[in-house]
Amino acid sequence: MDPIFKGNPITVLVLGICSSLAVTVQMKGAFVMGLSVMIVTGLSSFVVSMMRNSIPNRIRIIVQLVVVSLMVILVDQLLKAYSYGIEKQLSVYVGLIITNCIVMGRIEAFGLANKPIPSLLDGLANGAGYAMILIVVAFFREILGSGTLFGMRIIPQSFYDAGYMNNGLVILPPMALILIGCIIWIQRSIQKDLQEK
Amino acid sequence: MNTNGNFYTIIYSTIIVVLVAAILAYASLALKPKQDANVKAETISQMLTAAKYFDKATLEAMGNDKILEEYVKDINKALIINAEGEVIDSLDKAKSEIYTESKLKAQNNLMKSGKKEDLRLPVFIFGKGGKQVIVIPCYGTGLWGPVWGYLAFADDMKTFVGAYFDHESETPGLGAKIKDDPSFRAEFEGKTADFSSSRIFSIVKGGAPAGQANAIDAITGATMTSRGLNAAIEQWLEFYKPYFTAAKPAEKAAADSCAKAATDSLAKAAIDSTAVITE
Numbered sequence: 001m002d003p004i005f006k007g008n009p010i011t012v013l014v015l016g017i018c019s020s021l022a023v024t025v026q027m028k029g030a031f032v033m034g035l036s037v038m039i040v041t042g043l044s045s046f047v048v049s050m051m052r053n054s055i056p057n058r059i060r061i062i063v064q065l066v067v068v069s070l071m072v073i074l075v076d077q078l079l080k081a082y083s084y085g086i087e088k089q090l091s092v093y094v095g096l097i098i099t100n101c102i103v104m105g106r107i108e109a110f111g112l113a114n115k116p117i118p119s120l121l122d123g124l125a126n127g128a129g130y131a132m133i134l135i136v137v138a139f140f141r142e143i144l145g146s147g148t149l150f151g152m153r154i155i156p157q158s159f160y161d162a163g164y165m166n167n168g169l170v171i172l173p174p175m176a177l178i179l180i181g182c183i184i185w186i187q188r189s190i191q192k193d194l195q196e197k
Numbered sequence: 198m199n200t201n202g203n204f205y206t207i208i209y210s211t212i213i214v215v216l217v218a219a220i221l222a223y224a225s226l227a228l229k230p231k232q233d234a235n236v237k238a239e240t241i242s243q244m245l246t247a248a249k250y251f252d253k254a255t256l257e258a259m260g261n262d263k264i265l266e267e268y269v270k271d272i273n274k275a276l277i278i279n280a281e282g283e284v285i286d287s288l289d290k291a292k293s294e295i296y297t298e299s300k301l302k303a304q305n306n307l308m309k310s311g312k313k314e315d316l317r318l319p320v321f322i323f324g325k326g327g328k329q330v331i332v333i334p335c336y337g338t339g340l341w342g343p344v345w346g347y348l349a350f351a352d353d354m355k356t357f358v359g360a361y362f363d364h365e366s367e368t369p370g371l372g373a374k375i376k377d378d379p380s381f382r383a384e385f386e387g388k389t390a391d392f393s394s395s396r397i398f399s400i401v402k403g404g405a406p407a408g409q410a411n412a413i414d415a416i417t418g419a420t421m422t423s424r425g426l427n428a429a430i431e432q433w434l435e436f437y438k439p440y441f442t443a444a445k446p447a448e449k450a451a452a453d454s455c456a457k458a459a460t461d462s463l464a465k466a467a468i469d470s471t472a473v474i475t476e
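So the sequence lines, in the order shown, correspond to chains A and B.
Following the numbering used here, the numbering of the first sequence begins with 1 at its first residue and continues without gaps.
Following the numbering used here, the numbering of the second sequence begins with 198 at its first residue and continues without gaps.
Since the hints were made in silico from the structure, they are not lab data.
The hints are all genuine.
Facing chain A, a subset of chain B residues (Cβ under 8 Å, in silico):
| no. | residue |
| --- | --- |
| 1 | 201 |
| 2 | 209 |
| 3 | 225 |
| 4 | 235 |
| 5 | 370 |
Derived lysine to aspartate or glutamate pairs resembling EDC-like cross-links, with alpha carbons at most 20 Å apart:
| no. | chain 1 | residue 1 | chain 2 | residue 2 |
| --- | --- | --- | --- | --- |
| 6 | A | 88 | B | 377 |
| 7 | B | 229 | A | 76 |
| 8 | A | 88 | B | 365 |
| 9 | B | 231 | A | 76 |
| 10 | A | 28 | B | 239 |
| 11 | B | 270 | B | 294 |
| 12 | A | 88 | B | 378 |
| 13 | B | 325 | B | 289 |
| 14 | A | 88 | B | 239 |
| 15 | A | 28 | B | 377 |
| 16 | A | 88 | B | 257 |
| 17 | B | 355 | B | 384 |
| 18 | A | 88 | B | 252 |
| 19 | A | 88 | B | 298 |
| 20 | A | 88 | B | 233 |
| 21 | B | 292 | B | 266 |
| 22 | A | 28 | B | 257 |
| 23 | B | 253 | B | 386 |
| 24 | A | 88 | B | 363 |
| 25 | B | 325 | B | 294 |
| 26 | B | 237 | A | 76 |
Here's a subset of chain A near chain B, in silico, CB distances under 8 Å, partners left out:
| no. | residue |
| --- | --- |
| 27 | 54 |
| 28 | 56 |
| 29 | 57 |
| 30 | 58 |
| 31 | 63 |
| 32 | 70 |
| 33 | 81 |
| 34 | 172 |
Ideal Cβ positions, reconstructed from N, Cα and C, are used throughout, including at glycine.
Could you build all of it, start to finish, from the sequences and the hints given here?
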């Protein structure tokens, strides 16, 4: 359970910021992206962990990269076939999961040293931690920026008639960074041991 | 076993790479038909959106099969013309044969390399609700990658009914507005392509002059994308010009003779009425 809150990859390790800024405009995209990262981190940790005793030490990063890319391309192809609209919306960011530090970081730090099942769980949990932050950020961005959730209208039309307007700033990446900053702030004020002296 | 020897390392990496390649090749082949169907439905939904038959979101909710059904129902004719504007072939309506992005790219390459005689340009004539809408594609380069789209004309062969654009990698929030911002698409509505002018249609940075019918405003902060899209539209309209202008005289003649008949009968009625008065 550690990676979901106490050791969350985004808010504590501050990894994977780039994609979390880009795909959190809408809940749907954030949800699919979170799920994809979960699957990729889980499965690639699992596979690398199974091969851990046979991987030549000198090329271990390359082997990890090959495994991760395999998973990412598979996820991308599956999304293209079964969820085309979302794939288009996520565009390059699915491919960029390869460069997401969370994936490689977990394989290096955990997958290479542990048995397959714990590695799988570790990968899944880290992916879930990432997904959770994505969904929280997307929740605020979508409801403030577009007045919708999962594409469904939440803020009633009468608000707009009364002069309420969607906040265009929230749609843009800088606001996502500020939101993530706020989440990190909240977490650090709860978890005192994270504060540097 | 020594897992750090050179020989072991080379063999190991070779096996891994071949294995991964095999898995990916299989996945790609197995999923190809499904992906192609998605691309096709997406392209059709872009055309239907350009023709203003549907909202893009409505089409997305409809699913692939229904989109194809709608296409077969709405399309009148899908023709292929050459650079002289002559109809040389037609696309299979029932199979909803269309031009996807890759096919547009091939045509664009032919235009660029000057092989005009090899061009096979598609013209989609929709007829939903008795009103004819002519949809043609365009393709060009934006700032980061290709941009393409569909222009829909009313049956006077020059007035825009609507348009829809797509892109591969334009900047989100700026260049990507050609696709995401409905108000940019809406600018096309009611504008005209002026085939007699040297500039058929233009997207003007800093705002189109008021009252100019063949120009619209460019997107703020997306100068290069706007320029690329403008070049794409102009280039493709240039190649469609023979078809569009050739179709016009016939229609104009029909309209003229119609008008003539009307004035004739009016004049006759006037004569009759004077005759009545003199009696």
